[in-house]
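Chain by chain, the residues:
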Amino acid sequence: MSGASLATGTTPGTAIAANAAMRERRQALWRAARRVLLPVLTAALALAAWEWGARASGVSAMVLVPPSAVWSVLANSWPILLEHTLVTLREVTAGFLLAAGGGIALGTLLTASTRIRQTIQPLVVFFQLIPKIALAPLFIVWLGVGPSSRLAFVLFIAFFPVAVSTAAGLMSAERNALLLCRSLTATGWQTFHSVRFPYAVPHIFAGLKICATVAMIGQVVGEFVTAQQGLGYIVMFASAAAETALVFAAVTLLCGLGLLLYGVVAVAEWLVLRWFGAPISSSQF
Amino acid sequence: MNAPASAPKATALASPVPAGPQGSVQARPPTPRPDFIKVESARKVYATGRDTVEAVSDVSFSVTRGEFVAILGPSGCGKSTLLMMCAGLESITSGRIGIDSMPMTGPRESIGVMFQDSTLLPWKSVLENILFPVRIMRRPVRDYMDRARSLLAMTGLTGFEHKKPHQLSGGMRQRAAICRALVTDPDILLMDEPFSALDAMTRDEMNEALLGIWDRQPKTALFVTHSIREAVLLADRVLVMTRRPATVVEDLRIPFPRPRDPSIGESEEFNRLVRHLRGLIERGPRGAGAPPAMAATP
Ligand SMILES: Nc1ncnc2c1ncn2[C@@H]1O[C@H](COP(=O)(O)OP(=O)(O)O)[C@@H](O)[C@H]1O
Ligand SMILES: [Mg+2]
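So the protein sequences, as listed, match chains A and B. Just so you know, we're using this note's numbering here: the first sequence kicks off at 14 and counts up by one. Just so you know, we're using this note's numbering here: the second sequence kicks off at 22 and counts up by one.
A couple of the hints might just be wrong.
[Stated by the list, open to error] Derived CB-CB ranges, DEER-like:
id	chain 1	residue 1	chain 2	residue 2	range
1	A	Ala281	B	Arg160	32 to 40 Å
2	A	Ser126	B	Thr69	32 to 40 Å
3	B	Pro278	A	Leu191	36 to 44 Å
4	A	Arg47	B	His183	32 to 40 Å
[Stated by the list, open to error] Reference excerpt, derived from the structure (chain A facing chain B, CB under 7 Å, subset only):
id	residue
5	Ser185
6	Arg188
7	Asn189
8	Leu192
9	Leu193
10	Ser196
11	Leu197
12	Ala199
13	Gly201
14	Phe289
[To be verified] If you want the ones that stay clear, here's a sample from chain A, every Cβ over 10 Å from chain B, calculated:
id	residue
15	Gln131
16	Ala181
17	Ser207
18	Ser252
Don't read these hints as lab results, they were simulated from the structure. Predicted model only: the values in this text are computed from it and were never measured. Glycine included, C-beta positions come from ideal geometry on N, C-alpha and C.
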C-alpha cells in the first residue's frame, strides 16, 4: 500500500529498465577498475617477489638490490636527488619544446613546396639513418660540458620524429578537401590552417610522443657524457661507486620524469581532440 | 556558438532561399541567354611518365543559363576530367571553355563543386561545414546564417546543425554537401557523381531532394553520373560520353516539364528515353538507331 510499492506496481517496465541500466553501469565501472587494478596488482606482486628474492637468495645488495633499499635511498637522500631531478626536468623540457617547435616548423617547410621537399627530404631520410647517439661526445667538443651541449644534443636527436610526422600529416589531407579549397579560391594560408593542419594534428601528436621519449634518452645520454649534473650523472657516478640502490633510485626518478613528459603530451592531445570534438583519424573518413 | 535568433536580417543575399510561396514554382527565364557555359573542342591529355592518356578528346557543347545538364557515360570515359576542366581545377590541353563568355582561367567563386564523397571536414559541425565557403571567401558569416538555416531546413537537416559529420548517415552528409555547395549562391553547380556512393534507396531520396531544390532554386548545373535513370530523371539535357573516343556522342533533350515528380520514372516515355540511352552506351553511337521521336538531337 505504500507509495513505493505502488510506483513499482504501476510501472514495472521502468523499474526493470532502471535496474538493467544500474547493472550495466556497475559492470562498466568494474571493467574500468579492472584495467587499473590488474597491472597495479601485478607490479606489486613483482616488487614483493623481488624483495623476497633479494633477501632470501643472500646475493649481495650491490648486485641484487631489494626495493626497500631503493626506497630508503629515495627517502634519505631526497634533497640531493630532487636537485638533480629538477636540473634534468628543466633541461629536458627545454629540449623537448625546442625539438617540438623546430620539428613542426621543419615538417611544415618540407611540405611548403615541391622544390623544397625535393631538396630536403633525402637529407632528412639520411639524418634519420645516422646513429645519433654515437655523436654525443662530439657535442662536448663543439659546445663544452655545459647545459648548452646537452640541449643541442636533445634537439638534435628528438626533432626528426616530429618533422617527419608533421610532414606526413600535412600530406595526409583528403584530396577532395584540397580540391574543394581550390574550387573556393582559397589562399595557400587558408588551405593550410583550415584543412591541411587539422588533418595533420593526429600525426603531429604521434610524433610528439616519440619526441618525448627520445628527448629523455637524449638528455640522459647528454648527462652521461658531460658528467656535470642531472639524474644521468647520478646514474654514472653511482654505478662507478657500485651504489646500486642509488642507481635504481635515480632510474626510478627518470621513469617518473619520462612518464610526466609523455603524460603532458597525451593530455594535450586529449584536450585538442576534445576541442575538435570528433575522431579525426583519417580512417574515419 | 549559436546564432542568436535576433540576428539582424540578412542584408544582401543574392537570391534568398524562398521559404514562402512566391518562389516555389519559378518559371524559366523567358529569353535565356544562350551559351552560359561553352565548351569548344576541349581536349585533355594526361602525361604520366612515358605514357599519355587522352582522357577527353574533342568535346564541344554549350549550356544555357538555368539548364540542368547530365553527363552520362561508363566509368573511365573522362567525365570527371571534363567536369574538373569546367571547374577550372584541371588545365585544358587544347580547345576552349568559356563561362558567361569569359574564358576559363581557374576556379571561380561563382562555380560550386560537389564530389562523390561529401568532403565534409570531420572536425567541423554540419553548420560550420556549410558556412565553410563563406569563410573562405571572406564574406560576413551573419549575412549567410539565415540562408544556411533555410538550406538545412530544405534538405531536412534541421536539428542536426551542431552534429559532427561522423554522426550523420551517408545521405545526410551528402545533403549537407549540397547545402555547402549552395550557400554562397553560385551561378553554376558542378556535381561529380554526387550520389554514386549511396545505396539505391538513399539515392532515390537524394534525387527527389535535388528535384525539389531545383524547383525552388533553378541553377545552371552539370551533373556527372553513370546512372541512366538518374540522368533522365534530373536533367533537361543528357550528354552521352563514350570511352573511345572519349567524346560526347549524343545530346538528348529530356522533355518532361518541371516541377518533376520521381513517378515520371514509370512512364512509357521515360523508359523509351532510358532504352535509347542504354543502347547508345552499350552498342556505341552507331548501333543505337534513331533517337526517340521527341528527342531533339542537334
Ligand atoms: N590525374 C590523372 N593522371 C593520369 N590519368 C588520369 C588522371 N585522371 C584521370 N586519368 C585517366 O583519364 C581517364 C578518364 O578518367 P576520369 O575523367 O576520371 O573518368 P570518369 O570520371 O568518366 O570515370 C581514365 O583513363 C583515367 O585513368
Ligand atoms: Mg569520375
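With 7 Å as the cut and Cβ atoms as the points, is Arg188/A at the interface with chain B? violated (9 Å)
Looking only at beta-carbon atoms, does the pair Ala281/A, Arg160/B fall within the given range of 32 to 40 Å? Taking Cβ atoms as reference, Ala281/A and Arg160/B lie about 34 Å apart, which means the hint holds.
With a cut-off of 7 Å on the beta carbons, see whether Ser196/A makes it to chain B. Holds, because the Cβ-Cβ distance from Ser196/A to chain B comes to roughly 4 Å (cut-off 7 Å).
Hint validation: Leu192/A versus chain B, beta carbon distance must be below 7 Å. Holds or violated? Hint on Leu192/A: holds, closest Cβ of chain B at ~6 Å, below 7 Å.
Using the nearest Cβ pair, does Leu193/A come within less than 7 Å of chain B? holds (5 Å)
Holds or violated: is the Cβ of Leu197/A closer than 7 Å to a Cβ in chain B? holds (4 Å)
Hinted contact Ser185/A with chain B - closest CB pair below 7 Å: violated (12 Å)
Test the statement that Ser252/A is away from the interface with chain B: the closest C-beta pair must be farther apart than 10 Å. holds (49 Å)
Closest CB of chain B to the CB of Ala181/A still more than 10 Å away: Answer for Ala181/A: holds, closest chain B Cβ roughly 18 Å.
Just want to verify: Ser207/A was marked as not at the interface with chain B; is every Cβ pair farther apart than 10 Å? violated (7 Å)
Ala199/A as chain B interface residue, shortest Cβ-Cβ below 7 Å: holds (5 Å)
Indicate whether the distance between the beta carbons of Pro278/B and Leu191/A respects the range 36 to 44 Å. This hint holds: roughly 40 Å between Cβ atoms.
Against the hints set out earlier in the document, violations occur for numbers 2, 5, 6, 13 and 17.
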